Amino acid sequence: MITIALSKGRQLKDFLAYLDENGHPRWHGALKAAQRELLVETNGIRFLLVKGDDVPIYVEEGIADLGITGSDILAEYDADVNELLELPFGYCHFAIASKEELPEYGTIATKYVNYSRSVFERSEKPVKIIKLNGSVELAAVIGMADAIVDIVQSGETLRMNGLKERIRLDEISARLIANKHAFFTKSAEIRSFMNELKVN
Amino acid sequence: MTSFIYNPALIRQKQLEVEFLSFFHGHGFDIIDLPVVETFDWQAMTEDDLKLMPQRESWVQNGTVHALRHDWTNAIVRYLHKYKIDAERAVYSGPVFHSGSETRQLGMEVFSESTDRQQEGLSLMIGFMNERIEMPKTAVISHYALLPMILGEEKVADPAIRRALSQRSTSALRQLLGDHPLLDLIGDQPESQVHKLRSAFPEIREVLGELTGWEETLREAGIEAVYPDITALPSQSYYDGVFIRLYGSGRTTPVASGGQYTARSKAFGMGIFY
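Sequences listed follow chains L and F, in order. Mapping of the first sequence onto full-length UniProt numbering: position 23 corresponds to residue 23, and the numbering continues sequentially without gaps. Mapping of the second sequence onto full-length UniProt numbering: position 88 corresponds to residue 88, and the numbering continues sequentially without gaps.
Below 27 Å or equal to it, Euclidean Cα-Cα: the simulated DSS-like pairs (lysine-lysine) are:
| no. | chain 1 | residue 1 | chain 2 | residue 2 |
| --- | --- | --- | --- | --- |
| 1 | L | 186 | F | 196 |
| 2 | L | 131 | L | 51 |
| 3 | L | 125 | F | 51 |
| 4 | L | 186 | L | 8 |
| 5 | L | 198 | L | 186 |
| 6 | L | 186 | F | 137 |
| 7 | L | 8 | L | 198 |
| 8 | F | 196 | L | 198 |
| 9 | L | 51 | L | 186 |
| 10 | L | 131 | L | 99 |
| 11 | L | 128 | L | 99 |
| 12 | L | 198 | L | 51 |
The hints are simulated quantities; they were obtained by calculation from the structure and are not laboratory data. For clarity, every value in this text was computed on a predicted model and none was experimentally measured.
Bound conformation, chain L alone:
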C-alpha cells in the first residue's frame, strides 16, 4: 500500500482532469466520487486529501510516501522532501499585482513571504512584506499595501477586484514529491506510480 497526499481544491480538479485525459478511470472515479471524505482507497493506493500547504508536511513526516502539490508551496516552505517530477497540470504563475502601476512597490501583502523576500532580494529593492493568509487582493484594494504577490491563473480574481498584473514572476506547476526514506523503501511502488502517471 502506498499513501499519496493530494492538495484539495483547484489542484485536485486539475489532477482529476489529467487522470481523465490520460486513462486512469479507477483513480479518477474513486477521487471524483469522494464527497467530503479525506481518505480515499483504491487499487493499493491510499489518497489523503489535505490542504495544499500541508502536503509537504505529510510527506516529510512520512505519513504519506508521495505527495502532489504546487511548486508555489515548495518555493515557500523549505520542506525536506524529494521533488521527483514536474507534472503537466496545475499551471499558473506568481505575479506582482496592484491597483496602480508604481515605479516601486514599497509594501507588499502576500501569503508567500519567503518567496516574496527572495524576489525582492533578487531585484535589490528593500520592501516591507505583510503576511496574510487569504483574501490577499483586499490589501491592495484598500491601500494596506502598494501591491500583492500572489499566484495568478486566469487573472479573473484580480480583474474582479480592480487589480492588474504588473510583473510576471516564476511559472508554477504541480510537482510529485516523495518522502526521502520511502523513496528507497517503497521504490517499486513509487516507480510504478510514476510510470502510471505517464509523464514524459
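Chain F: place on chain L using the hints.
Showing chain F alone in chain L's frame:
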C-alpha cells in the same frame, strides 16, 4: 529544584551513555571528550564552517565567534586540523545542537585507513544498537566518489545540478543533463542501479567494489534491507568515501549515520542520535 525529582528517563539516558562508552572501551576504543563550545577564527573559517554556521547556535564575544557543538565528527575533524589524536579508535558521547534544539550523540571514530578496521567499528556499532537500543532495519548507503566520476567535477559543482541531484528530480536532471546515462539509472529501482552502473561505467568498478564490501558488512551485521543511493552529495567536504544512514522500524529519519572522511588521514566515524 529539579535535582530532587527522580527522572527515570534521564537515568536511563545516563546509563545508556555509560554502557556505550564501556562497551566500546571494552573493545579497545579510547574514550575522548571535546568542549561543547567551539571557537572559530573569523579569518580562518572554511567553506564547510560557513555553510554550517546558519544551523549552529553561535555568538560573538571579544571579536571571536563561538558556537555550540553541531556534530561530533565535525568537531573531531576541526580538532584534527590543529592537533593530533593519539588513539587509533575513539568513542564519545554528549550533546549536539541543531537549529535551536538539543539532541545527544553516541559515536565512534576509527582513525585508520584500513577498511577492515573501519568495518569492524560499524559492526560493533550495529551490535550495540541491537543489544541496547533498537536493531536498525534498513540502511541507505552511498559513496561520495561516485558522482564526480560519473558526471565530472564541474557538473557536480553546479548549484542547479546539485539541487536536482539532492531532490532526485528526474525532470530537472533531464533539463540539465540531457541524455546522460545517469538519467536511465535513477529511473530504476535502487537495488538494480549498482549492477547497471558497473556495466555503464567500467572505470568506477573499484569504487563499486568498496560499496559492495560495506553493503555485505551491513547485511552480515543483520540489517535486513540495504539500499544504494547513487545521487547522494556530502553535507561536508571532508566526507569523501562511503556514507551510511541507518533507520529503525517505521522511522523516516536516520537513527544513526556516518561515513569515511579525510582529516589528517583516512578515518570512519558514526554517531547514534538519541
